[in-house]
Amino acid sequence: MRVSYEWLKDYIDVDLSPAELAERLTAVGLAVEGLEDPGAGLAGLLVGKILSLAPHPDADRLQVCQVDIGKGMVQMVSGAPNLAVGQLVPVALPGAKLPGLESRLQAMEFRGVTSQGMLCSTWELGLGDTEADRAGIMILEEGQPGDKLSSALRLDDVVLVLELTPNYAVHCQSMLGVAREVAMLTGLAVKEPAIILPDSAHGAEKRVRVDVVDTELCPRYSTRIISDLETRPSPLWMQQRLRKAGMRPINNLVDVTNYVMLEMGQPLHAFDYERVQDKRIIVRPALPGELLITLDGMERELQEDDLVIADAKRAIGLAGVMGGENTEVGPATRHVLLESACFHPTTIGRTSRRLGLVSEASNRFHKGVDVNGCIRALDRAAALLAQLGGGRLTAGPIDVYPHPVPPKQILLRPARVNKVLGTELSGEEMANCLERLGLSVRRETAAWQVTVPTRRGDLQEEVDLIEEVARVYGYDRIPATIPGGMASEQLVTEQTMVQEQAGQILRGCGLNEAVTYSFFDRRDLDRLQLPAFAQQRRLIPLANPLREEQAFMRTLLFPKLLEACAFNASHQTLGGAFYEIGPVYLADDLPLQDLPAEELRLAMAAYGEIMSGGWSGRPVTAGFFWLKGVIETLAQGLHLGELAFRPSDQPSFHPGRQASLLCNGVPVGVFGEIHPLVAEAYDIPGPVVAAELDWQALAENKRLPEYRPLARFPAVHRDLALIVPDEIPAARVAAVITAAAGPLLDGIVLFDVYQGQPVPAGSRSLAYSLTYRSPERTLTDAEVDAVHDRVRTALQTELRANLRS
Amino acid sequence: MREKVERILQQAQEGIAAAKSQQELESLRVSLLGKKGQLTALLRGMGELDPQERPLVGQMVNEARGQLEQLLKERRQELEARELQERLATERIDITLPGLPFPRGREHVLQATARAIERIFLSMGFSIAQGPELEWDYLNFEALNIPADHPARDMQDSFYVTDEIVLRTQTSPVQVRTMQQMTPNLPVRIIAPGRVYRRDDDVTHSPVFHQIEGLVVDQDITMGDLKGTLRAFAYRMYGPQTRIRLRPSYFPFTEPSAEVDVSCTICGGTGCRVCGETGWLEILGCGMVHPRVLKNGGYDPDRVTGFAFGLGIERVAMLKYGIDDIRLFYQNDFRFLRQF
Chain A
1 MRVSYEWLKD
11 YIDVDLSPAE
21 LAERLTAVGL
31 AVEGLEDPGA
41 GLAGLLVGKI
51 LSLAPHPDAD
61 RLQVCQVDIG
71 KGMVQMVSGA
81 PNLAVGQLVP
91 VALPGAKLPG
101 LESRLQAMEF
111 RGVTSQGMLC
121 STWELGLGDT
131 EADRAGIMIL
141 EEGQPGDKLS
151 SALRLDDVVL
161 VLELTPNYAV
171 HCQSMLGVAR
181 EVAMLTGLAV
191 KEPAIILPDS
201 AHGAEKRVRV
211 DVVDTELCPR
221 YSTRIISDLE
231 TRPSPLWMQQ
241 RLRKAGMRPI
251 NNLVDVTNYV
261 MLEMGQPLHA
271 FDYERVQDKR
281 IIVRPALPGE
291 LLITLDGMER
301 ELQEDDLVIA
311 DAKRAIGLAG
321 VMGGENTEVG
331 PATRHVLLES
341 ACFHPTTIGR
351 TSRRLGLVSE
361 ASNRFHKGVD
371 VNGCIRALDR
381 AAALLAQLGG
391 GRLTAGPIDV
401 YPHPVPPKQI
411 LLRPARVNKV
421 LGTELSGEEM
431 ANCLERLGLS
441 VRRETAAWQV
451 TVPTRRGDLQ
461 EEVDLIEEVA
471 RVYGYDRIPA
481 TIPGGMASEQ
491 LVTEQTMVQE
501 QAGQILRGCG
511 LNEAVTYSFF
521 DRRDLDRLQL
531 PAFAQQRRLI
541 PLANPLREEQ
551 AFMRTLLFPK
561 LLEACAFNAS
571 HQTLGGAFYE
581 IGPVYLADDL
591 PLQDLPAEEL
601 RLAMAAYGEI
611 MSGGWSGRPV
621 TAGFFWLKGV
631 IETLAQGLHL
641 GELAFRPSDQ
651 PSFHPGRQAS
661 LLCNGVPVGV
671 FGEIHPLVAE
681 AYDIPGPVVA
691 AELDWQALAE
701 NKRLPEYRPL
711 ARFPAVHRDL
721 ALIVPDEIPA
731 ARVAAVITAA
741 AGPLLDGIVL
751 FDVYQGQPVP
761 AGSRSLAYSL
771 TYRSPERTLT
781 DAEVDAVHDR
791 VRTALQTELR
801 ANLRS
Chain B
1 MREKVERILQ
11 QAQEGIAAAK
21 SQQELESLRV
31 SLLGKKGQLT
41 ALLRGMGELD
51 PQERPLVGQM
61 VNEARGQLEQ
71 LLKERRQELE
81 ARELQERLAT
91 ERIDITLPGL
101 PFPRGREHVL
111 QATARAIERI
121 FLSMGFSIAQ
131 GPELEWDYLN
141 FEALNIPADH
151 PARDMQDSFY
161 VTDEIVLRTQ
171 TSPVQVRTMQ
181 QMTPNLPVRI
191 IAPGRVYRRD
201 DDVTHSPVFH
211 QIEGLVVDQD
221 ITMGDLKGTL
231 RAFAYRMYGP
241 QTRIRLRPSY
251 FPFTEPSAEV
261 DVSCTICGGT
271 GCRVCGETGW
281 LEILGCGMVH
291 PRVLKNGGYD
301 PDRVTGFAFG
311 LGIERVAMLK
321 YGIDDIRLFY
331 QNDFRFLRQF
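Protein chains in written order, with my numbering: chain A, 1 to 805; chain B, 1 to 340.
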């Protein structure tokens, strides 16, 4: 809703400045998004009067004019074809700034004759861009030489741009509605427009017959016929008010309907009476497939749930949305059938949405108009038409309103108001708040009886009235308090805490937290090399996706991180690492009968150089053991217990470089190097590593760290290097050592792995540092030697290890 | 004898003073005080002296020894200090070389913002509640007093999975779920952070975005409590100079409803580009829980009251850091992530 300040003053003697008014309106819920100056581009421009015109001595197409600008006379040269002596025209003097021009205007010479400025066309003023607007100088209707142009054009105004919420749209989408809010704010009275109907004739029923087929879809249909009209442009004041409200002036007949809609909130429509066949108006549901060319020239195919206005033969308008071309008023129109009706909001909303045809009228009907306001608006428009179109008011009103709607009665418990708001308002104060809105309050009973006029369709129940009291009293006057009482205990936030802790550890390892979309592209499944039977292929589809790449809910999280890697790789980033804890969406059955499981996953992914080595160190690059180290660090940091790593065969991963992760014996996911074909499909330079872990299953292993007393006796270190065949896993070697050494072994560290000369092909050298310690005494060399020999023997016999030291 | 001692002493003093290194000093010490040193030799030769002279000579030699030891010690300390100085001088490094890199992953700015908000409410006695992202249409709309023909239920605005299941368009269904779970216990005091979805995609709208919902239900909860709680939040989120303003607004599930503005975090309220010259930034929507929603949650609206609020994390972060494109949050571009 765009509110002209100058127009608003027709209805209320407000003395607040537009800016103050904007602030006050915003504070009561009519959010003012901005203030606009409709004459902003016209600063410095003046009204001039052409006193004389003479041909240019040296140029056929130019004329030299003397122009009175109030304080004197200036000479102008113009090539416009439409100039005449006595005309009032817009004048720009040197130094003025025109809306379309970068630089300021300068005096110019045209073949020896100086032009001290220029006369402007509508287009040059930025006020229109039709052919006519460009063709000649704008001829002004009003003003005196020397007047500010903005004032002569009635653009010395401020427009308040209101962003209305749906509830205020019901009663504030009109100048009078806004004026009532201003009245509430200021205590001033609203001045309703005076409606003077000229000789009202009876006998309308003879000139038109109105039938409403479904009074639920059309609770009221009223009409008048105005005769002997002349179609012409509206007066400037009306045109400019329409423009400031964001509407385009067309002609007096159409403009009046729009003007009254803006003034009163009641959409109106003017039919060309002579084109209404058999002089019948029938309000009925459309026939399936019925065609109607609307005023915008588009042919519309209608459905049974659209509501139409029809004459005896055909549809002539789409009720509440847009009129039909077949009864459009135009230059030839002599008599107008004026419609002021009330339609079912949802029906109008649905039709306008389906056809993509949202008009000022459909918007208002969709929000709900005042069923008891139809006649007033009809009369107001009829009076204006008669006044501006020279017409005689001949007939009406015809008013089909079989079930008059009385004002609503709502019970309000005053104690409830203070209980909800936290205020201590007296009954007097509350009643005053409501009365300032035009509601009437009967306070005889404990629960008050509040009468609400039908224009306030947004007020339906007690709580609506409580909000109105709060609004009128002022949200800013409600005291701020802190709720007392205990916090709720039933809900646990432990899960969030563990997630935060995990994030800290992972970030400490150099992984960045990512946030990704929850969607999958069906093609992701192929990119991931998932076989036909894979469970992850059971994607939950969206019924109305925005695009193909976001048409399904994801069943895996790590591919989203692969996308993030790919995005960075394509932006010349050499490498990096991500993690995200987020849900995947797993359906048991499709289509969904019940809500699907949403499982929280911890995913990680990395590619390339994760951390540069700087000028001295070695860089950290993405690889299996980097990722395994991250997982181990996480497990240690969260005290998750024992990890184990088993071979795994997930098709998205490198067949020889992936592992299934077990936490305390329970499988919790998979990690490893991404299959080179998958990396290629995602367009990430390899190697790429990733992990997909069941976060809940992992996190529930978190426990208190177990305290052990510190060792009191010294340790003895022995190193051990051995050559074993490649097939023997390091874990097996460690297991043999641990078993053979027994309780005196306090620690085992693998400190070197070596392949190549002089180690024979097919074998590798492993070097361990073993720590022996007793919790009870200092070990002697002999004791340690005995245990260490046992270890050596076991390695030789059980693994056929070749001991190098 | 005395001359002998003095000569030794004299020579030794010169030698010590001239010694250039600790080794030189050490060999001097040995030649003077060692087993075969000159002073030691003098003491050994005392047997040949007159017994009456011995104590005198002995005293003299010992004094000389004491003197020499003192000189040696001082000189050694001098030399040590100089050598240390010389060594340190050679150990000079280029302090302008960059420090060694350490891994430091970043918290995503969205999550960091969400956690900052969560921490504030947790400290105010709120708990965290959660609900599913694929939600019953009923809980996302109808239970929240959004009737079937409400514009918010337009297919254009929501992602549907089936006729009955929708990608939740707001965290508000968690309100109803939590109440249904907790009734008749009081108080309910939760926040519900999470992902929500709308069918929208441009520089200020993302099909996936994040909200935090708040809900307090108890006997005697008032709109004043709502105001006080949000003011306390704003102070801690934006600093104690922050002012807040509640403007009447409309949400189907609260009444009275309000938009909450905070004084602009950039200009402090005088008006700037970020706040569109108004001095205020709109940060959240809130209100008193609608009686029908309380009823749907299993509470008697005549016995309890409540307030609820909801804010968009993206919006908070965009305002806080002046980020102008919401899609940056979901691209995970390192060049973006590393700025926070």
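Derived from the structure by calculation, the hints contain no laboratory data. Misleading hints may appear alongside valid ones.
[Unchecked claim] Here are the simulated DSS-like cross-link-like pairs (lysine-lysine), alpha carbons at most 25 Å apart as the crow flies: (1) B/K20 / A/K408; (2) A/K9 / A/K71; (3) A/K97 / A/K9; (4) B/K295 / A/K419; (5) B/K20 / B/K73; (6) B/K4 / B/K35.
Here is how each hint holds up against the structure:
1. Between B/K20 and A/K408 the alpha-carbon distance is near 112 Å, which puts this suggested pair outside the 25 Å criterion.
2. Our distance criterion of 25 Å between C-alpha atoms is broken by A/K9 and A/K71, whose separation comes to about 32 Å.
3. A C-alpha spacing of about 31 Å is found between A/K97 and A/K9, which places the hinted pair above 25 Å, so the restraint is violated.
4. Proposed proximity of B/K295 and A/K419 is supported: the alpha carbons are some 18 Å apart, at most 25 Å.
5. A threshold of 25 Å between alpha carbons decides the hint, and for B/K20 with B/K73 the separation of about 14 Å falls inside it, so the pair holds.
6. For the given pair, B/K4 sits about 18 Å from B/K35 by alpha-carbon distance, which is consistent with the 25 Å threshold.
The structure fails to meet hints 1, 2 and 3 from the earlier list, while all remaining hints are met.
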